[in-house]
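Peer 1: Listed here are the chains, written in short residue letters.
2 protein chains.
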Amino acid sequence: MAFVLAARQLACSPQQKLRLLVPGSRYISQAAAKVDVEFDYDAPLMKTEVPGPRSRELMKQLNIIQNAEAVHFFCNYEESRGNYLVDVDGNRMLDLYSQISSVPIGYSHPALVKVLQQPQNVSTFINRPALGILPPENFVERLQESLMSVAPKGMSQLITMACGSCSNENAFKTIFMWYRAPGCPDYSILSFMGAFHGRTLGCLATTHSKSIHKIDIPSFDWPIAPFPRLKYPLEEFVKENQQEEARCLEEVEDLIVKYRKKKKTVVGVIVEPIQSEGGDNHASDDFFRKLRDITRKHGCAFLVDEVQTGGGCTGKFWAHEHWDLDDPADLMTFSKKMMTGGFFHKEEFRPNAPYRIFNTWLGDPAKNLLLAEVINVIKREDLLDNAARAGKVLLTGLLDLQARYPQFISRVRGRGTFCSFDTPDESVRNKLILIARNKGVVLGGCGDKSIRFRPMLVFREHHAHLFLNIFSDILADFK
Amino acid sequence: MAFVLAARQLACSPQQKLRLLVPGSRYISQAAAKVDVEFDYDAPLMKTEVPGPRSRELMKQLNIIQNAEAVHFFCNYEESRGNYLVDVDGNRMLDLYSQISSVPIGYSHPALVKVLQQPQNVSTFINRPALGILPPENFVERLQESLMSVAPKGMSQLITMACGSCSNENAFKTIFMWYRAPGCPDYSILSFMGAFHGRTLGCLATTHSKSIHKIDIPSFDWPIAPFPRLKYPLEEFVKENQQEEARCLEEVEDLIVKYRKKKKTVVGVIVEPIQSEGGDNHASDDFFRKLRDITRKHGCAFLVDEVQTGGGCTGKFWAHEHWDLDDPADLMTFSKKMMTGGFFHKEEFRPNAPYRIFNTWLGDPAKNLLLAEVINVIKREDLLDNAARAGKVLLTGLLDLQARYPQFISRVRGRGTFCSFDTPDESVRNKLILIARNKGVVLGGCGDKSIRFRPMLVFREHHAHLFLNIFSDILADFK
Chain S
1 MAFVLAARQL ACSPQQKLRL LVPGSRYISQ AAAKVDVEFD YDAPLMKTEV PGPRSRELMK
61 QLNIIQNAEA VHFFCNYEES RGNYLVDVDG NRMLDLYSQI SSVPIGYSHP ALVKVLQQPQ
121 NVSTFINRPA LGILPPENFV ERLQESLMSV APKGMSQLIT MACGSCSNEN AFKTIFMWYR
181 APGCPDYSIL SFMGAFHGRT LGCLATTHSK SIHKIDIPSF DWPIAPFPRL KYPLEEFVKE
241 NQQEEARCLE EVEDLIVKYR KKKKTVVGVI VEPIQSEGGD NHASDDFFRK LRDITRKHGC
301 AFLVDEVQTG GGCTGKFWAH EHWDLDDPAD LMTFSKKMMT GGFFHKEEFR PNAPYRIFNT
361 WLGDPAKNLL LAEVINVIKR EDLLDNAARA GKVLLTGLLD LQARYPQFIS RVRGRGTFCS
421 FDTPDESVRN KLILIARNKG VVLGGCGDKS IRFRPMLVFR EHHAHLFLNI FSDILADFK
Chain V
1 MAFVLAARQL ACSPQQKLRL LVPGSRYISQ AAAKVDVEFD YDAPLMKTEV PGPRSRELMK
61 QLNIIQNAEA VHFFCNYEES RGNYLVDVDG NRMLDLYSQI SSVPIGYSHP ALVKVLQQPQ
121 NVSTFINRPA LGILPPENFV ERLQESLMSV APKGMSQLIT MACGSCSNEN AFKTIFMWYR
181 APGCPDYSIL SFMGAFHGRT LGCLATTHSK SIHKIDIPSF DWPIAPFPRL KYPLEEFVKE
241 NQQEEARCLE EVEDLIVKYR KKKKTVVGVI VEPIQSEGGD NHASDDFFRK LRDITRKHGC
301 AFLVDEVQTG GGCTGKFWAH EHWDLDDPAD LMTFSKKMMT GGFFHKEEFR PNAPYRIFNT
361 WLGDPAKNLL LAEVINVIKR EDLLDNAARA GKVLLTGLLD LQARYPQFIS RVRGRGTFCS
421 FDTPDESVRN KLILIARNKG VVLGGCGDKS IRFRPMLVFR EHHAHLFLNI FSDILADFK
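Listed in order, the protein sequences are those of chains S and V. If you're matching positions, the first sequence starts at 1 in the numbering used here and goes up one per residue. If you're matching positions, the second sequence starts at 1 in the numbering used here and goes up one per residue.
Mixed in with the good hints there might be a few duds.
Since the list gives no way to pick one copy over another, a pair counts as held whenever it fits inside one copy or between any two copies.
Cut-off 16 Å, straight-line C-alpha distance, at most; resulting in silico cross-link-like pairs (EDC-like, lysine to aspartate or glutamate) [to be verified]:
| hint | residue 1 | residue 2 |
| --- | --- | --- |
| 1 | LYS264 | ASP216 |
| 2 | LYS153 | GLU321 |
| 3 | LYS60 | GLU137 |
| 4 | LYS290 | ASP254 |
| 5 | LYS258 | GLU69 |
None of these hints come from the bench; they were simulated from the model.
Go ahead and model the full structure; you've got the sequences and the hints to work with.
Peer 2: This is the structure we're talking about:
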């Protein structure tokens, strides 16, 4: 087990410039120079199986007050650093799942520690305002230096929200208010099979990734279009994939016409740049450009949900920037790695009266403060380029593993570090995740049988090599 | 203007035991001893009209990126302390609205400053986990010492959420999952006219406080029952009010039967202990006990929304504790003063599988940490008793003002500090709020023409006297 040989000492000492590398590793020898040596660990370090005895004890305690069956293990966040998550039994794992893709620049980043320690920031953390009526003095300035500095093309307007679900719910409402045709009986939002847009009742009407999410819950009769199911490797299935995308787009148009006839006018289309919870389903940039054209043609708003794809992990700040749209999207929601939820939109979608898009908190200045520093770090450390580079190493390595273990790995795909592959079935997928965890790597599943990579933005080329080394050993032993 | 005569110096010096009182005041002379002298100011201090020039400049800037018409003024939270909100133009106001009722123990409370300054707490503020899968080691312990220590009677189960809307959305889902009758075509939640339960699409189907909230937004066909419209003073209209409540309860039962027949089975009833946004509409404890009986009789879940009433302001930790139910409610949602959203519920409502009530963050341990300290302070300083006592002074004073100014003030009502009165119309109401603000008191409106009091839990008897003194002067001059 290669990782056991790696250096166990903390990489906290700034003077430490050299690293112990795994001898003879196929990947580690290409490791790039570390720039975040000051707060990252060197390698996984496992002491018990996971969940260990302390985690199991705490799971029992939690299960008394809520269903705790989804808990993987309990964590020691004080000891977690950079790409490494430490659990309550002292196990240190390379975290490629990052709290369901929601940690931007790693655990306990020194820049964020500093934000917390600055006396002038105390008030922001303990005096939470009702932002819509009584914002703090630096509210606009902070939005300008953080979110507005990464505003997607064409979108000059911004509302913050506390979470991703509230962001999508309020983006829907913004669309309904924008559309309002007098006498129009009812509106709908078109979404795609396999999509995940949240679990509150409005969002849930557009979420179709797993049936368990929707059982027993009343919903709206809103149209659901098929999302392309691409064949891999893409270069071998160019024509088939084009046909598949054309079929889906045709169905989108048919549904828009059909729902208009049944007086449930489609006023907006919501889509993820990469369907994440639904199984990391990609479509071509061309598909999204054509989808945008269809929404324009039929007068529907085009809403891009970047809750999981946003924040830099695809190598651009927003995944939909890869599409290079001439006619920008109308609205875009975010959350997770952005630390606050919210959405950008074009000026024409601006509500025509106060209190129409409103709730008590409308986000949280404490999160805006942390986000401003996160965006500073992303810019200062070129973390978008880093995601592109580290992602390339990861994807290349996964393609190599796919070539060597086609019985376990197929449909390798990805953009930046936002990578994934399919396994033969759910049982193999879950087994691989558990084995990897006990070898010191936290992975996440998605869809029926996919494994998704959601590392943080401080995931470097050498982390990719480290993972590939460990996973290669796992596959060599896997039966 | 009495308040100008009050001491302008900060009340921060612990040695300061005596206070300058307004000479000849009708109320101030009864002021109780201050126990929070160390962090509160003495009195309002006004330098400009509100919003002042700096606020107006910032409003213009904010309006470039979002509709900022709802903004009252911009705040200097660093300088805000205790019951006093300081704006960016240096005006210091007694805050009886507390960020739409969401500040529990006053601005910049020293106990919360201390929580922020303790090095062992840094990690909690910068490493936000996905609580449902990877909770921190102290998660259960922290819930036990905070939320579970104030769990309502009969409710052993707890889920945290990021905001009030998500709390109600997920409480609805919990009810739907609990009910699930095989083959049942569709479910509904019964709510009341005038209710406010949030603005996401599921919540909005139960919100009926203002029509602007719902225009253009698709909704569910769920039943809406009338909420009692009580006549005041209560002791003069005993029989009429009993009849009014009986009429509403009868309508609830009729709607349950009607919606069952139309295959939209009512599986839950949601109600606020005091309808807040809708105009501070009260009903008797007897009304709620009978409503609980009706839900039991028809097999519907009984969900109490304590987002605004919870946290101690009525003199009990939860307003519905005043009802003294033999058969406890089934679920109760909270947010605002609790700093985190969430809901308690009975064990029989526990989801039967993991991931059914789930989202990425499921609240925020940083808010749980602050809340634990807030609950400590509430207990240590007897702030529930304080709310009862200060509320009594406030209500008595309002009744006195009503007797003296019946042309401006009617229907004075309240429980603890959760008080309100009606004005002749919306225009008078809004004028009074603006005048009060320029005299150094922040008030909130609700319903069509009511003024509501939502002070923090550190609002003491002497603050009530101070307010009554200022407001009495305003009414004497009001035309």
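Peer 1: Would you mind marking each hint as holding or not holding in the structure?
Peer 2: The hints, checked one at a time:
no.: 1; hint: LYS264 - ASP216; in the structure: between (23 Å within a copy, 13 Å between copies)
no.: 2; hint: LYS153 - GLU321; in the structure: within (8 Å within a copy, 52 Å between copies)
no.: 3; hint: LYS60 - GLU137; in the structure: between (46 Å within a copy, 13 Å between copies)
no.: 4; hint: LYS290 - ASP254; in the structure: within (15 Å within a copy, 52 Å between copies)
no.: 5; hint: LYS258 - GLU69; in the structure: neither (42 Å within a copy, 39 Å between copies)
Going down the numbered hints, you'll see the structure goes against just number 5.
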